[in-house]
Amino acid sequence: MSVQKPSIPQGTRDFGPAVVARRNYIFGVIRRVFEKFGYAPLETPTMENLSVLTGKYGEEGDQLLFKVLNSGDFLNKKNAAVTAEDLEAGSRKVLPKIAEKGLRYDLTVPFARYVVMNRGTLTFPFKRYQIQPVWRADRPQRGRYREFYQCDADVVGTDSLLCEAEIVLMMSEVLNTLGLTEHTIKINHRRVLGAFYQALGGEGTEVDLFTAIDKLDKIGQDGVTRELLERGFSEASVARLFELLSVQGSFAEKLQQLQSAFAAAQVPTEADGSYKGLQELGRVQQLLQDFGFTHFDHLEFDPTLARGLSYYTGCIFEIKINNVNMGSVSGGGRYDNLTGAFGLPGVSGVGFSFGVDRLYDCLEELNLFPEAVATTTRCLLASFDLENSRQLLPILRQLREAGVAAELYPDEAKLGKQFKYADAKGIPYVLLQGPEEQAASQFKLKELSTGQEQLLGWNAVLDALTK
RNA sequence: GUAGAUAUAGCUCAGCUGGUUAGAGCGUCGGAUUGUGAUUCCGAAGGUCGUGGGUUCGAGCCCCAUUAUUUACCCCA
Numbered sequence: 001m002s003v004q005k006p007s008i009p010q011g012t013r014d015f016g017p018a019v020v021a022r023r024n025y026i027f028g029v030i031r032r033v034f035e036k037f038g039y040a041p042l043e044t045p046t047m048e049n050l051s052v053l054t055g056k057y058g059e060e061g062d063q064l065l066f067k068v069l070n071s072g073d074f075l076n077k078k079n080a081a082v083t084a085e086d087l088e089a090g091s092r093k094v095l096p097k098i099a100e101k102g103l104r105y106d107l108t109v110p111f112a113r114y115v116v117m118n119r120g121t122l123t124f125p126f127k128r129y130q131i132q133p134v135w136r137a138d139r140p141q142r143g144r145y146r147e148f149y150q151c152d153a154d155v156v157g158t159d160s161l162l163c164e165a166e167i168v169l170m171m172s173e174v175l176n177t178l179g180l181t182e183h184t185i186k187i188n189h190r191r192v193l194g195a196f197y198q199a200l201g202g203e204g205t206e207v208d209l210f211t212a213i214d215k216l217d218k219i220g221q222d223g224v225t226r227e228l229l230e231r232g233f234s235e236a237s238v239a240r241l242f243e244l245l246s247v248q249g250s251f252a253e254k255l256q257q258l259q260s261a262f263a264a265a266q267v268p269t270e271a272d273g274s275y276k277g278l279q280e281l282g283r284v285q286q287l288l289q290d291f292g293f294t295h296f297d298h299l300e301f302d303p304t305l306a307r308g309l310s311y312y313t314g315c316i317f318e319i320k321i322n323n324v325n326m327g328s329v330s331g332g333g334r335y336d337n338l339t340g341a342f343g344l345p346g347v348s349g350v351g352f353s354f355g356v357d358r359l360y361d362c363l364e365e366l367n368l369f370p371e372a373v374a375t376t377t378r379c380l381l382a383s384f385d386l387e388n389s390r391q392l393l394p395i396l397r398q399l400r401e402a403g404v405a406a407e408l409y410p411d412e413a414k415l416g417k418q419f420k421y422a423d424a425k426g427i428p429y430v431l432l433q434g435p436e437e438q439a440a441s442q443f444k445l446k447e448l449s450t451g452q453e454q455l456l457g458w459n460a461v462l463d464a465l466t467k
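Using this note's numbering, read the first sequence as starting at 1 and increasing by one per residue.
Hint data in this document are derived by calculation from the structure and do not stem from the laboratory. Being a predicted model, the structure only gives us computed values, none of them experimental. Among the hints, a few may not be true.
Between beta-carbon pairs, the in silico distance windows are [to be verified]: (1) A81 x F27: 39 to 45 Å; (2) T158 x P41: 17 to 23 Å; (3) G16 x S160: 42 to 48 Å; (4) G16 x K215: 34 to 40 Å; (5) M47 x K215: 33 to 39 Å; (6) S449 x Q63: 51 to 57 Å.
Positions of the beta carbon are idealized from the N, C-alpha and C atoms, including for glycine.
Start from the sequences and build out the full structure, keeping to the hints where you can.
Written out as structure tokens, the structure reads:
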């Protein structure tokens, strides 16, 4: 039998020790911010029933679900789960009979399911964060993986715009703590997009309009124009749209300009004469100001921001790192009827998600990972021979009892090899006690970064390693 | 699903219009140094050139197929 080359599935990765340490650093920053804002941790199963997942992400999303094959021989003649007629009818008919579970596609839908299942025991408003991997059967490419981590924070059970404001605060704090200062937090409102659609007089479909608008910064005005004309919008409407989108200036100025533009286009208002989308965006900005938010230069009202997920109904968010060519590292928004699909209507939720894998790629490209964090071992005990190793074992124990991460080189090897090992692993100290030191009842401690060696008594060694 | 690119040592890559025994850097291992890493010097191991077929006196190089990887579109974190 020939030896096969090992491999891992497309779009998945191994994470070596150094990478895990740096990923944990990112997780730690995000977790601390979430907890500081009062969010509690939640974990849900890797697998959900397909009935929970399907139909929540649109037709494309359903195709990107990883399905888990049922156990058992479903083609067995007796008690066959799949009949000849099923096979005749095609995969649509066969699939539900051979797969009833799937890997989670995001963290929001499992969260909604959890809320509905536990509604009796939860205290509302319920704030939860969740840091777990999700899977998508996508074509991998730059910044896109088939298995990746999301870090979600969501609130359900309140309409308060304070939640939206706090999302901006959390986004800003995480990015600044990580050193990703060249970022833009983009915010828009689904009802603003809706108003655009109304201002154009009801041609085409909302979805076509929104997905086209969303691409503006990517394919430019010409590209968007071409796409809209193909989708049945008139040239006059497209011209009108770009007039509306051309608003300039500060957050407040853009709101003001759109207010007048919508009125001029006779877009219907709420009973109180306002446009809800614009009004809510204004309130969020006001709340941030009252809180003392200081990074308004990184917050942008972007009327072209659309985002694909169809369930957003209020504010929508997205983060772009400006000095790295990478898709968005975070996104989110409000959904008025999050739990409706599971039989609990009228519960509003708002939340957002960080993509750790993309954040990692950004930090690496910009060289923003702090030094250190690499190895856990602080001190390597080097030995001269087996007898010496035996004598070092109690020393090893005492170091560990003192809380010093320490290891003894397990094989009989030359000192050079042992030092090389420490160096390669990033271990800062090497401790040894050969015949010379033993005679003097002392130890030799070498700090690899400086190359300095000291002859020390046991207490001094402990001092040096625990300080 | 659509389109392009790539595949040569553990890693990153050279390899001329097709011509002897396929190279470099890094890494690994050994030695210079049987009590000292990162630095220096010397040496060694390591390749069915992704796989299968074809053209040719001769193929890492040309042609066809196939697989894998990767980039872009769609969509998204």
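A quick look at each hint next to the structure:
no.: 1; hint: A81 x F27: 39 to 45 Å; in the structure: holds (41 Å)
no.: 2; hint: T158 x P41: 17 to 23 Å; in the structure: holds (20 Å)
no.: 3; hint: G16 x S160: 42 to 48 Å; in the structure: holds (44 Å)
no.: 4; hint: G16 x K215: 34 to 40 Å; in the structure: holds (37 Å)
no.: 5; hint: M47 x K215: 33 to 39 Å; in the structure: holds (34 Å)
no.: 6; hint: S449 x Q63: 51 to 57 Å; in the structure: holds (53 Å)
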